[in-house]
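Trainee: Please work from the sequences and hints to get the whole structure.
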Amino acid sequence: MEIFWYIIIAIVLTVFFILDGYDFGTGIIHLFMAKEEKDKAVIAKAAGLFWDSNEVWLVAGGGLLFMAFPTFYASVFSGFYLPLILVLWLMIFRAIGLELRGQFDYPMWKSIWDKSFGVSSLLLALFFGIALGNVVRGVNLGGVENDISAYEAHYFFLPLWNAHFSPERTHPGVIDWFTVIIGVIAVVTLAIHGANWIRLKTNSSINEKLKTVIFRLSLVLVALTIFSLIVWHVIHPQPFGNFADKPLLIVFPLIYLAGIAGLFFTKSDRMKFGSSSLVIVGGITSSLASIFPMILPSTNDVNESLTIYNTSTTEYGMSVAVNWIIVGVLLGAVYMFIQKRLTAGKIDDMDYGH
Amino acid sequence: MEDMIFYDRLQFAFTITFHYLFPQLTMGLSLIIVYFKWQYLRTKTETYNDAAKFFMKIFAINFTMGVITGIPMEFQFGTNWAKFSELTGNIIGQTLAMEGTFSFFLESSFLALFIFGEKLMGQKLHLLTGFLVFLGSWASGYFILATNAWMQHPVGYEILANGQFVLTHFTALFSNPWLLPAFLHNQMASVVTSSFVVASIGAFYLLSQKNEEYGKLFLKTGILFGLVSSLLVAFPTGDWNAKNVVKYQPAAFAAMEGIFHTEDGGAEIVLIGQPNMVEKKLDNKIAVPNILSFLTYQEWDKQVKGMEEFDKSELPQNIPALYYSYHMMVGLGTIFIGVMALAAFLLWRKKLYSFAPLLWVIMFLFPFPYIANITGWYVAELGRQPYLVYGLLRTIDGISPTVSSGNTLFTLLGFVGLYLLLGLLFLLLVGKAIYAGPKPQTH
Ligand code: HDD
Ligand code: HEM
Ligand code: HEM
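Protein sequence lines correspond, in order, to chains A and B. Sequence positions in the first sequence follow the numbering used here and run 1 to 354. Sequence positions in the second sequence follow the numbering used here and run 1 to 443.
To be clear, the hints were calculated from the coordinates, so they are not data collected in a lab.
When the alpha-carbon atoms are kept at most 30 angstroms apart in a straight line, the in silico DSS-like pairs for lysine-lysine are as follows: (1) A:Lys40 - A:Lys211; (2) B:Lys281 - B:Lys247; (3) A:Lys340 - B:Lys124; (4) B:Lys119 - A:Lys38; (5) B:Lys439 - A:Lys40; (6) A:Lys40 - A:Lys267; (7) A:Lys346 - B:Lys53; (8) A:Lys38 - B:Lys53; (9) B:Lys53 - A:Lys110; (10) A:Lys38 - B:Lys432; (11) B:Lys432 - A:Lys45; (12) B:Lys119 - A:Lys40; (13) B:Lys432 - A:Lys40; (14) B:Lys53 - A:Lys340; (15) B:Lys119 - A:Lys110; (16) A:Lys35 - B:Lys432; (17) A:Lys40 - B:Lys53; (18) A:Lys209 - A:Lys340; (19) B:Lys57 - A:Lys346; (20) A:Lys340 - B:Lys119; (21) B:Lys119 - A:Lys346; (22) A:Lys38 - B:Lys439; (23) A:Lys340 - A:Lys38; (24) B:Lys119 - A:Lys45; (25) A:Lys45 - B:Lys439; (26) A:Lys45 - B:Lys124; (27) A:Lys110 - B:Lys57; (28) A:Lys110 - B:Lys439; (29) A:Lys110 - B:Lys432; (30) B:Lys57 - A:Lys340; (31) B:Lys57 - A:Lys38; (32) B:Lys57 - A:Lys115; (33) B:Lys53 - A:Lys45; (34) B:Lys432 - A:Lys115; (35) A:Lys45 - B:Lys57; (36) B:Lys53 - B:Lys350.
Mentor: Structural data, given as structure tokens:
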């Protein structure tokens with residue numbers, strides 16, 4: 001049962017990163033590349049039409065996590081208190097940026113909200129990557145100091161950074177050089193993803209330029225991936241243990257590789273967008289698989305890591321929820337299908353009746 | 001510990017109050033928009049369609065605000081109330097996750113289509129998407145009230161050795177006797193808000209002699225919905241809720257009504273009076289004897305328990321705030337019925353559109369349903385104190401053990417600043433939409 005919910009939640013959150021990921025990426029490209037008003041407007045619209053229904057996947061994922069793994073939810077949300085609240089604020093700035101730019105026709109008004117959208121998208125991508133980095137690195141569960149826990153074993157509190165910005169086992173901070181690397185990977189990946197989305201959905205005049213941008217960013221991504229694997233070794237002495245023990249898990253890194261290959265070798269915009277989606281899927285699932293069944297490793301020897309087994313709720317609670325989640329997910333898929341059908345094609349060509 | 005919980009509560013109260021300013025309009029207005037759209041399909045009068053589109057614009061701004069202030073609410077359960085989340089996640093996680101799965105997906109997927117898709121889909125499908133948005137927003141209200149109902153009156157649970165509350169009967173969450181009255185009352189109250197807003201914009205157009213044709217339509221529709229919902233809010237739904245409070249939270253009821261001492265032979269109903277917590281009595285009281293006993297039990301001389309009967313640790317901590325909130329809600333509710341009845345009467349006699357004094361009143365009345373809704377929630381939430389889950393989990397035992405008060409204060413200040421900005425932008429945009437007015441079809 002735990003595994004079922006773990007997979008469902010992983011799927012919901014991955015879908016969130018694929019869908020809202022292109023909004024973040026669109027924001028990053030918008031920030032650096034869009035120069036003419038016409039492009040700015042249509043690129044913002046390529047995110048603006050969808051951010052709301054995409055964000056629901058996060059809300060749903062959060063709700064499901066709360067339901068199935070309440071101890072994990074409580075521990076992580078209070079432990080990462082400050083970064084989470086910052087994420088909330090950034091999400092607000094991202095949303096109002098998108099919603100407000102079209103409301104008045106003054107260049108200054110538009111440029112304020114464009115910045116709000118672009119900068120918060122960039123920071124959100126960075127923060128989500130850092131979050132993933134924290135999860136695989138682990139935290140000082142229980143706030144252990146000299147072998148004594150300051151809190152209950154499954155609670156912790158992380159400062160934003162420690163004195164050396166390093167992933168120390170005794171006093172990790174949220175931001176250190178390791179998590180920042182993962183954060184930068186997330187930014188690059190989502191920028192590629194967003195660029196693909198813009199090419200897919202709009203006729204903007206920077207589409208040609210984006211082609212080279214995607215190519216270059218893909219090279220950067222390959223370099224960063226290799227680099228991160230090397231540093232990964234420094235942090236975890238036995239980083240690939242899980243993959244050695246359970247060879248089937250290798251499929252997840254393979255998905256990642258397939259995505260990267262697709263970025264270089266596929267031709268159509270659709271396939272390229274598919275490829276960057278695969279990179280996201282592969283990246284998240286590989287990270288999760290590398291620590292499974294842990295969901296938050298403990299960096300001290302006093303308290304146990306959080307796993308899907310020691311943070312889950314009762315059997316009854318999890319099994320009644322199975323009944324409604326099946327209906328819910330099917331409905332959600334139907335809505336998404338209808339929505340995508342009706343809004344298929346390029347944004348600029350659509351007639352909204354305005 | 002004391003200041004930790006103080007800032008946690010302040011932050012929750014502030015952010016939820018701000019959030020709830022928006023959903024109450026969303027839920028009520030979606031109903032009225034569907035009504036306009038339906039009238040358009042039925043009568044083929046373009047004015048109705050323009051009205052639907054005009055309110056859709058306001059709806060869209062309002063909806064966005066609801067979404068961006070709602071997400072912090074969900075996160076806050078984990079960030080500020082971690083112990084509570086850990087102990088009750090098994091139960092209220094169900095309803096919250098169902099809200100995300102069943103209502104937010106529905107609402108947000110079809111809202112974009114409703115706003116942009118009129119040409120793409122044709123009129124019948126457009127009405128359908130509007131209806132689905134309405135359904136989504138009411139379903140969301142239903143699940144969130146199911147969550148709150150469990151906190152007010154926990155059912156279908158057992159307590160494990162480690163202190164966790166776990167579900168034993170899933171269906172009990174939805175047959176909770178607290179849920180249906182609260183849901184109906186709350187939804188009617190949101191219709192009150194939206195109809196007063198619609199009527200107020202109508203009155204504004206008539207008084208400023210702009211868009212008068214639309215002004216009349218808005219006024220008429222607002223008064224129609226306003227009268228019916230104001231009546232339903234008071235009776236049967238408000239009354240029904242009061243009976244639930246007497247039954248399940250008697251200490252809260254005594255505090256709401258300002259009854260310090262149990263009186264023999266029937267309780268009076270207090271219309272005006274200020275609780276004096278030192279002498280344990282009401283100052284400057286105006287009261288009508290025996291009515292409260294009758295309203296609560298349909299018996300003129302039945303006893304209603306006063307606060308003296310309860311241990312201090314069982315009584316809500318902030319009794320004056322609870323008492324005033326309750327009296328403001330009920331007082332405003334009575335005024336709403338009065339104003340709407342008068343307006344409906346004048347409408348029927350065809351005198352309303354030229355009767356400026358009442359138009360002015362209607363124009364300035366729209367903030368008051370917001371106040372009634374917020375104070376209504378204060379009654380529910382302050383009355384639940386000192387418990388987070390009534391009778392089971394004290395509020396003090398629900399906070400995050402590792403988050404210091406400095407951090408909470410910092411984020412609280414951040415929210416205050418950010419929401420101030422959001423509030424100003426919201427007013428600017430809605431003001432702009434109202435100023436631009438509804439547009440007749442141009443092609
Ligand atoms: C326009 C808003 C509005 C108006 C005019 C009223 N209410 Fe109300 N009331 C609400 C808006 C509201 C609310 C905000 O929607 C609440 C909070 C919780 C809930 O379910 O509904 C509520 C709760 C609520 C409760 C439950 C308190 C608790 O849970 O402890 C009672 C007993 C009443 N109401 C009673 C009344 C009565 C007798 C009214 C007579 C006129 C009345 N309300 C008017
Ligand atoms: C229906 C869903 C709601 C849920 C699940 C909910 C839950 C909570 C929780 C967990 C707290 C903090 C713990 C506590 O102080 O007891 C709280 C407090 C509070 N809530 Fe709600 N709430 C809901 C709706 C509302 C609404 C709509 C309002 C107001 C508009 C509101 C007003 C307050 C206030 C004022 C407090 C602080 C009370 C105090 O600390 O004394 N709540 N609520
Ligand atoms: C503690 C209490 C609450 C929490 C945790 C909460 C959570 C949320 C969240 C996460 C959203 C955004 C959903 C999206 O992305 O579409 C939202 C919006 C919404 N909430 Fe709340 N909410 C609370 C209180 C309430 C109450 C009391 C109501 C009304 C009964 C309500 C009704 C709605 C509605 C209708 C929306 C849709 C957006 C809108 O209408 O503006 N919420 N809420």
